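*Asks:* In case you want the letters, here they are:
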Amino acid sequence: MHPPLKLCKDERLWFMQALDAVAGRDGSPSNAWKKQLDRLGELFMIDESDYRFQAGAPGIAEKVNQIESPKVRLYFLRIIHDIHLLEFKFLFRPWDESSLKNFDKLYSKLVEMIRVD
Amino acid sequence: MRRNEYVVAARKIESALDKHHSSVGEITAHISHLAQAPLTVVVLGEFSAGKSSFLNRLLQTEALPVAVLPRTATLTRLVYANDEMVKPGEVARVEIERNVGGKAEVEVVSHEEFVTLQRAAKVHDIAVVQDLARIREVRVFLQEPLLSKLQLVDTPGFNHDQAMDDATLSILDKADIVFWITDAMQPAKQTEFEKLKLLKERGKRIWLIVNKGDVNVSDKTAWEESRASLQAYFDEIGFLDFFESKTVELVSCKEKEDFWGENFDHTKARLGNEIFNLDVLWSARLVDDEWGRLSSVLQDECSRYSELQRRCSALRESIQVDSWGACDESGVVDALRLQVMKLDGRLSQHSSVAKEWANNGILSMTAFVMDYTREPLFDAFVELSWAYEKHINVWRIQYLTETIAVLEKIYGILPRSQDALRAEALTLVNYYRLLHSRLSKKADVGGEFSLPALDCTSELFNHLLVKYASIDVPCSFTVEQDGVLPAGKQAEALSSKDYRQGRLLSALEKDFLADIGRFTRDPAYLGLVEALEELSDGASERLTHALCIWSEHAPAVEAL
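Chains as they are written, first to last, in our numbering: chain G, 483 to 599; chain D, 772 to 1331.
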């Protein structure tokens, strides 16, 4: 049985801050993002006011790259990818492609900047 | 004649046993030898007790070299030279049998050449020493009427070095009668007791000659005193129990003056009356002796091999993992039930978390949370692994204890002729003892064993619960446990809890069987068991048949 993922208090905060920054890339996060942030904040026992964070790709990557476990860093990329898919599924409007384009740009940069091995 | 009947029956027994039992083969071969060849009288004793001097004096010859360097000494057989050209007491020829590349090569030399060879042996020449080391036996052909009835064999003697002991012991199977020469100045040593016990175990008839009686003894009165004193001493320490002659023959083989000459002649006459002139009678008696001994050796072999077969079955049974599993299955499950229940509880808790998060529909998020929250589950698994390891350690120590006991018994039962097998058994016993001691010391050390089946099972549950969060419903997996149901009987649906626990327990049993299988299927152990089975295979039938043959020719009770 493989051992559990271990994240220290700081790592949990960095993880949440990075997620928050991705969620708020276009201003205020959508409901899909908010819901996940709330639940994960509850699991990590971190208050919303503590993980508020605004940054571009370099700032997000810096936070994530401080987390020791590459598996957690990989999870981060998968999680933002999957939440965005869900978000896109419910909020997609054919006439507004900016949300899609913004995420794709950010995601491509993060994939380049976050170390996963 | 009864004796001929024994010889024929001994051959039948030999053929029935098909060379499988060397201890019996030695006796049957000896019976044939007694019936065909002249009596073989072997002179034994410690090195330098005066064996060669005794034979020279007995035969009134100088045929045998005296005081040869110990390393050159070999078996020397005195054989009758049926040659009218040779004067009485003279050596006709000497045959030297050498071991050349595993084959026997015989060289015939004159007595003078033989003497020269003996002289050369006293010189520290490496080539000569190497040549002498190859000599197996020397046969001295002597014109002496006594030798027409029997053969006399001079031996290197005991207690000088192992090679000489081995050379001397090699003649024992063919020795019919033994003269034991002891030194009057150092008589009846402990080492002599050991060798005499060995001779008695082989049923030898032995006569005692005490040589070097002349040391510190000048006349007949002193000799009488010395002899009486030795007689009392030998009686006290039980030395005479080994011998046919209960009186002490105190002689000097070196001194030939009047008193010592008469004294030796008296001993010679006595030996003549008791042995040399009764060679035919002795042959018959010895055949009877050997025939009697054959029965007890056959019975010993029967018990030995039936015991061996019993022990082999015990060893074979210990390899049958299924039988161990059947005995211990409930043991491992009972011992670790609490830990399994705990693991199951943690799995259940973890699945609740999984279900809660799976509602999101974000698989990666659920998987991440599952990985992050699995610590209690992991702890329960580690706790179970440690408890399992302790349990299997206890099992392994018990298994080793039982196996060592059986192997030790087998080592004791195995005939001495099975050197290689005995060595193999002993090595394995020593290795298992070491293992036992190491395992006993490391009762609390963990991490050596894994639980792959259990590991896979709990991982599988984890996976199922993440992917199909709604799986916690009555299962349709009962077919594995129900088998074929009787007509009309309804199968009981298991709750997922029962199913989970059942699967965990069966995975634990599977791991347990795999581990004990690994321990018990040690190739060295398996090889030994197979070799032992091969050895004992058919022994019972062979020996019973041989005992039947013996019984058909059993002597009357009074004769025994």
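Simulated from the structure, these hints should not be mistaken for laboratory data. Mixed in with the good hints there might be a few duds.
Claimed, not checked - Below, in silico cross-link-like pairs of lysine to aspartate or glutamate (EDC-like), each with a Cα-Cα straight-line distance of 16 Å or less:
1) LYS971/D with ASP944/D
2) LYS488/G with GLU1146/D
3) LYS1113/D with ASP1006/D
4) LYS1281/D with GLU1160/D
5) LYS571/G with GLU550/G
6) LYS553/G with ASP1142/D
7) LYS516/G with ASP586/G
8) LYS1017/D with GLU1033/D
9) LYS1017/D with ASP1071/D
10) LYS968/D with ASP944/D
11) LYS945/D with GLU1146/D
12) LYS517/G with ASP944/D
13) LYS488/G with GLU1045/D
14) LYS991/D with ASP944/D
15) LYS488/G with ASP1142/D
What the hints assert, rightly or not - Examples of chain G residues lying across from chain D (beta carbon under 10 Å, computed):
16) LEU487
17) CYS490
18) GLY509
19) PRO511
20) GLN518
21) ARG521
22) LEU525
23) ASN547
24) HIS563
25) ILE565
26) LEU567
27) LEU568
28) LYS591
29) LEU592
Source: prediction; values computed, not measured. Using N, Cα and C, we set each Cβ at its ideal position, and we do this for glycine too.
*Asks:* Each hint should be assessed against the structure and marked as holding or not.
*Replies:* To see whether the hints hold, each was checked on the structure:
no.	hint	in the structure
1	LYS971/D with ASP944/D	holds, 12 Å
2	LYS488/G with GLU1146/D	holds, 9 Å
3	LYS1113/D with ASP1006/D	violated, 78 Å
4	LYS1281/D with GLU1160/D	holds, 14 Å
5	LYS571/G with GLU550/G	violated, 33 Å
6	LYS553/G with ASP1142/D	holds, 10 Å
7	LYS516/G with ASP586/G	violated, 19 Å
8	LYS1017/D with GLU1033/D	violated, 21 Å
9	LYS1017/D with ASP1071/D	violated, 31 Å
10	LYS968/D with ASP944/D	holds, 15 Å
11	LYS945/D with GLU1146/D	violated, 79 Å
12	LYS517/G with ASP944/D	violated, 98 Å
13	LYS488/G with GLU1045/D	violated, 98 Å
14	LYS991/D with ASP944/D	violated, 39 Å
15	LYS488/G with ASP1142/D	holds, 9 Å
16	LEU487	holds, 4 Å
17	CYS490	violated, 12 Å
18	GLY509	violated, 22 Å
19	PRO511	violated, 15 Å
20	GLN518	holds, 6 Å
21	ARG521	holds, 8 Å
22	LEU525	holds, 7 Å
23	ASN547	violated, 18 Å
24	HIS563	holds, 7 Å
25	ILE565	holds, 6 Å
26	LEU567	holds, 8 Å
27	LEU568	holds, 6 Å
28	LYS591	violated, 20 Å
29	LEU592	violated, 15 Å
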